[in-house]
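Chains as they are written, first to last, in UniProt numbering: chain Z, 1 to 424; chain L, 1 to 424; chain D, 1 to 424; chain P, 1 to 424.
Please note that a few of the clues may not be correct.
Copies of the same chain are indistinguishable here, so a pair counts whether it falls within one copy or spans any two.
What the hints assert, rightly or not - In silico DSS-like links for lysine-lysine, alpha-carbon gap of 30 Å or less:
#: 1; residue 1: Lys238; residue 2: Lys188
#: 2; residue 1: Lys418; residue 2: Lys368
#: 3; residue 1: Lys22; residue 2: Lys368
#: 4; residue 1: Lys101; residue 2: Lys136
Just so you know, these hints were derived from the structure itself, not from any lab.
Note that this is a predicted model, so its numbers are computed, not measured.
There are 4 protein chains.
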Amino acid sequence: MQLEAYKIADHNQKALEAHQRKLSYWTDEIANAEPIIQKLIDFQIAIPSWALGTGGTRFGRFPGGGEPRSLEEKIEDVGLLHALNQSSGAISLHIPWDIPKDGEAIKSLAASFGLRFDAMNSNTFQDQPNQQHSYKFGSLQHVDRAVRQQAIDHNIDVIKHGVALGSTSLTVWLSDGSCFPGQLNFRKAFERTQESLQEIYAALPDDWKVFVEYKAFEPNFYSMTVGDWGASLLFANKLGPKAYTLVDLGHHLPNANIEQIVSLLLMEGKLGGFHFNDSKYGDDDLTVGSIRPYQLFLIFNELIEGMDAKGMNHATDLGWMIDASHNVKDPLEDLLQSVEAIQLAYAQALLVDRSALEEARDANDVVKAQEILQEAYRTDVRPLVAEARRRAGGALQPLALFRQLNIRQQLIGERGLKTIATGL
Amino acid sequence: MQLEAYKIADHNQKALEAHQRKLSYWTDEIANAEPIIQKLIDFQIAIPSWALGTGGTRFGRFPGGGEPRSLEEKIEDVGLLHALNQSSGAISLHIPWDIPKDGEAIKSLAASFGLRFDAMNSNTFQDQPNQQHSYKFGSLQHVDRAVRQQAIDHNIDVIKHGVALGSTSLTVWLSDGSCFPGQLNFRKAFERTQESLQEIYAALPDDWKVFVEYKAFEPNFYSMTVGDWGASLLFANKLGPKAYTLVDLGHHLPNANIEQIVSLLLMEGKLGGFHFNDSKYGDDDLTVGSIRPYQLFLIFNELIEGMDAKGMNHATDLGWMIDASHNVKDPLEDLLQSVEAIQLAYAQALLVDRSALEEARDANDVVKAQEILQEAYRTDVRPLVAEARRRAGGALQPLALFRQLNIRQQLIGERGLKTIATGL
Amino acid sequence: MQLEAYKIADHNQKALEAHQRKLSYWTDEIANAEPIIQKLIDFQIAIPSWALGTGGTRFGRFPGGGEPRSLEEKIEDVGLLHALNQSSGAISLHIPWDIPKDGEAIKSLAASFGLRFDAMNSNTFQDQPNQQHSYKFGSLQHVDRAVRQQAIDHNIDVIKHGVALGSTSLTVWLSDGSCFPGQLNFRKAFERTQESLQEIYAALPDDWKVFVEYKAFEPNFYSMTVGDWGASLLFANKLGPKAYTLVDLGHHLPNANIEQIVSLLLMEGKLGGFHFNDSKYGDDDLTVGSIRPYQLFLIFNELIEGMDAKGMNHATDLGWMIDASHNVKDPLEDLLQSVEAIQLAYAQALLVDRSALEEARDANDVVKAQEILQEAYRTDVRPLVAEARRRAGGALQPLALFRQLNIRQQLIGERGLKTIATGL
Amino acid sequence: MQLEAYKIADHNQKALEAHQRKLSYWTDEIANAEPIIQKLIDFQIAIPSWALGTGGTRFGRFPGGGEPRSLEEKIEDVGLLHALNQSSGAISLHIPWDIPKDGEAIKSLAASFGLRFDAMNSNTFQDQPNQQHSYKFGSLQHVDRAVRQQAIDHNIDVIKHGVALGSTSLTVWLSDGSCFPGQLNFRKAFERTQESLQEIYAALPDDWKVFVEYKAFEPNFYSMTVGDWGASLLFANKLGPKAYTLVDLGHHLPNANIEQIVSLLLMEGKLGGFHFNDSKYGDDDLTVGSIRPYQLFLIFNELIEGMDAKGMNHATDLGWMIDASHNVKDPLEDLLQSVEAIQLAYAQALLVDRSALEEARDANDVVKAQEILQEAYRTDVRPLVAEARRRAGGALQPLALFRQLNIRQQLIGERGLKTIATGL
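I would like the entire structure built from these sequences, with the hints used as guidance.
Okay, here's the thing in structure tokens:
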């Protein structure tokens, strides 16, 4: 299904008066409301193709209904999101879950929804039916050259699919590691992984980037070969200028200061991409902003500071992606909540009075520095975000409209109740 | 397949001389070797029926071969383990993964391997095909009375299966909880769960116990309704004298002092059962003793102290069970390693000079207290454990014999390479 | 020094127009602004006498200037805070750091600032000069009866001081525990502690409560005898109806769900008091709301829900206290920030549409439940909090006024630059 | 006091028969006992001068008696340790706690006890009396050039003291960081720290190394500027070939895989030094091996693997130091326990059959790899360690002899009961 523009217009019309009242209050209160709205319009977050169905844990999975049965239907879902919020204008594919049979056709379909293809994701953490070698003991790190070659070839294959779709980046997340002390020679595993990555790197087109994602634990339970930002940065530096680190919010040890990591990676010119989600215990892949919204704001605060210091373009110089899983919520509703939480944090971080902040820091005025951040964070920027959506053609209240239009019910009608989307 | 006694005898004969040399050294060095060996012989650890196949994570599963295809073959597997180590004389079933069609026949089959049935486990954390109500939003805590009733009925059904098999305890592990702030009214969820448990409790035969297992997180990622020992103890106390807490080593927040929890629960007379495994990050379900063997020893130190203080029988007054998952190891080999690690920790804890320890504590001699524990822990008790196995009819080196006899290859021959056991 | 009312009036006059503009916007947007303002006026947070000087870590301490040199000056400091925000109308004393030589005089002095005395705190975690027995190995848990008696007597002495000041509660925080495996018999330590607490309990006046505070770790590094809410609740239940658990936000293991603990303790009728602070790693004692403001909101959400369910009075039926330490900030500025953060979280939690929330929960509408909480949390309630202050006679912007009036410089002038307040 | 050799000889004579019995059993059981004993003799662990007195927490400090009152007495204490175990042949000084007034005399005194000077430690985490600038807001990171210069000068001063004593390395541990979000510009703090370190680096003599120690949290509670191995390695790489990372076991986030970090740092040729201690929750600075002895073994397993791969000399190519604090134990007894725990772990790691381990890894035989490590770890290597001590002239049972000779009582007699050693 496709969302007709008039439905959004109708919805906005009804909500307009209340919206204008709030907006006019806030544009009076906030000095730089207009440029913030413009930046919000420009800011697009890629939706992962694997997050359009119901996720699960190793204990179970409780599917909803109307899940997309094909890549085409996944694109349709992202199209729906984008129609609603005008901020989800990209899709991040996962191979082999979403192999495009006809690249051109898929690209056109996506374009018809205003979507482009963000980072391509390879998968060497699962065995596929009829796969020659198993990844049970790793892929790019594997002791057996043949297994490594299979994994390398797969990544190169993913790049090819990406080229066909107009993507310009590859995310390599490796589950490689070990479950028990003794299982792995850490050093050799690192070196084999590096060699494998070099072969993939060599296959990158000139305008491509590769993101080396790290993760502290799970699915391996003793060691992960790309376990933290230190290891990822080592790989990225050894690989070359097209290699970057990718930060996924859920991939850290308890209590990690992620915003500091973001700052250091930007300082080194090696932050390439970002996976948004939220978590309380581990890699919980919950809705962005649902658990630690202030941390999200602090991260955006560093992203803006660091990108501005390097003259980077917020909208285009980093890969912005959601990586979440939806166990108990409707995937589309969850993604609408996630995108909004990202926009709110971005808008609040844009509100920070940076020159006053640097002044407070130079005076070691800790109280003032905190006040400056909290002043921005405590501001209710929802009207600005809504206005950005409205101007771009989206809905003032995307989630409310999604429900009013019974979109899930329509999807169930089209696709059935017991469909299952490929993915985790 | 069944392991013929002569194979074990042959194996032991070959290893006997070296074993005797070690044993005689240690029986000279250790004052109370003989009673320790006897206690080791008496100590049996239940094998969970769901741990006989290859496990996995939400990311993937890499099966081995020769996995048991039926409850009968699972019993056969535990029989093999027990033949090898004479310490796995019990099996813990999971319903509905292992519904016995003919209770008497299953009981006889198990008895033919020298096995009895330990705690029965219910499953309300997954939906089964054709199940009327879904557990997506909980089972015993569910807002809908009908769902709760379905879960209650299931538990009562599990008790009935257990009665038929001669089991005398029920383990209730609930995944009930919530994934997001706001989702659940914690208090009402607790009260509904309590009411549901009371109905199950009412169905317990006179000589049965119910174990209320707790877990800090996962599969729910924000709250678990039975989240820690405090909550479990509240339930157990409200339910009555047949209700107990069950401790699973992997179900705690980072850095928890599990041995202290064990001590307090024993003090309150409310520790009922134990699930052994090991972990580094979360509920990793790794081989017992593979990550934190000293913690395992400290836990046994408290178990012995607390049970002795109440005049409890080590072998029979607590439910001893393994709860592990085998992602990268042969399940039977893994379980042999786990049972041995438990026996070593138990033997070391039996070595602790308790009167000297209490004396050091009364003198606040912290250095001495540590020395007493380390003296026991640093002792190489492997010959005592081997001797206990030998005397009971088991193998001096179970894992070595398992490999020499090519047992896995034989099982693959009998059952096939692509079998999949029910379970996680 | 005492803050003259006209200075506050002047300050408010200048800020009034902007304030009225914001307030009138929000009272239009929010349905129940007026009762929220009233509740904010009634809500008072006790200031701990030990938090008026600069704190430190084991590595060092960097004092500021003008710290209070006596109990009288500490009361003066709290009086200043209360004059500024009209929400700090109580003080929580620590014995022996703040022994009142003349109870009546101290009580009068406090009353002259509009202050009452909240919970009294005993100290058996440090040795005082000329103390007969050392608490090196514990106090109420100590193996030596004479040490326990000394600690019991001290607590009874603290009660007497409290009676003289009009306090009606005693907070017992024990650092008792152990640093090494083996050091302590957990069970006996628990039982000795319980016996000691019973003697203290017996000395409580009829209208007094005793709060048993728990802490997961530090200053002991292996075990804490009152280590979590489960242990604290055991003590409180064994002691009787005047005994309660006290929750300090920083006293938990990583990732603990504190709001669920709050809910369960309220369910059991055993939550007595609350220590506010914030932290990222351990018991960091940072400014309230500076690290995890959403968690603070979720806790207030449970406090309101649970207190309302029992018909409790928000303002008077729990002991509300700050317990913080100020290593790099001016203590008074830090406390102003903390009190404001508490008020904001309380106001946001009062905004939650509770009937809609229960409805969403009954429908398992997780998305909606989250939206309801976020709707409240994202609201900018600062004008309501400012209005509550203004109506009560406080300053619209307490921190700004504190700085404009150069209060710290005045205190340094009166007290000197190198004063050191008693406390940590 | 100095320990006369005949007392050790007497002690050894009495214990010799039992020792020989154990030793001969184990030298029969173990293939390579002799080279392991030799390596143990060569292996020396530096004792930190600040660990010879009783430590404490921010909550209190409970001194023992007979603590060293001067640098000379500290050297005497380390001399006692070394006489007892012949494995503590080095001392690590902390400036300004241990400023040697006469370098030559101190060097001679140390030599008379067979001691050399290991890494020198600077201190810019505390303010000293009469210090011009405060480190309240950092030292090498400070926004004020004058403060940085003071800290740089101090470090250069420490190098000079070290040169006089024959030391060849400087450990820089910075408490620099921030307590609150907003306080610090992470990037600028990093860059200022780097510039400061470069000036210190420039002052290093040719044969010196500088160790950049990292720590995850505390004393700062929000960010640490050298917070993990990734940040430390960045500094070390930017500084040059004389700069290395130093790993302190207690300086990590919960659940960190320290052994993997060790392996990667060795791979990069950038591991320079090691601080041993143990902990359960944070930087608890407990006795080595008292909480996680298997982790200690796994770390030594990586140290040996990585050093051997680079052809490094175990005894001399890394700085081996203890960094512990003794709150409830006699410092000298605690250090004897720590050194023994290190030796046991080292000996067990030397026992690992490395070629079999690599073979198992190449075959992905996880079970076998675990067995190989556990085989080594479960071996009772205490007789080998005792034999190494005996051959080197130390005591078979250092702790027992320390107590039999009433050394602490003698020290109290000489120095008094209420002495306090400089340090934390």
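Which of the numbered hints are not met once you compare them with the structure shown? As far as the earlier hints go, not one is violated by this structure.
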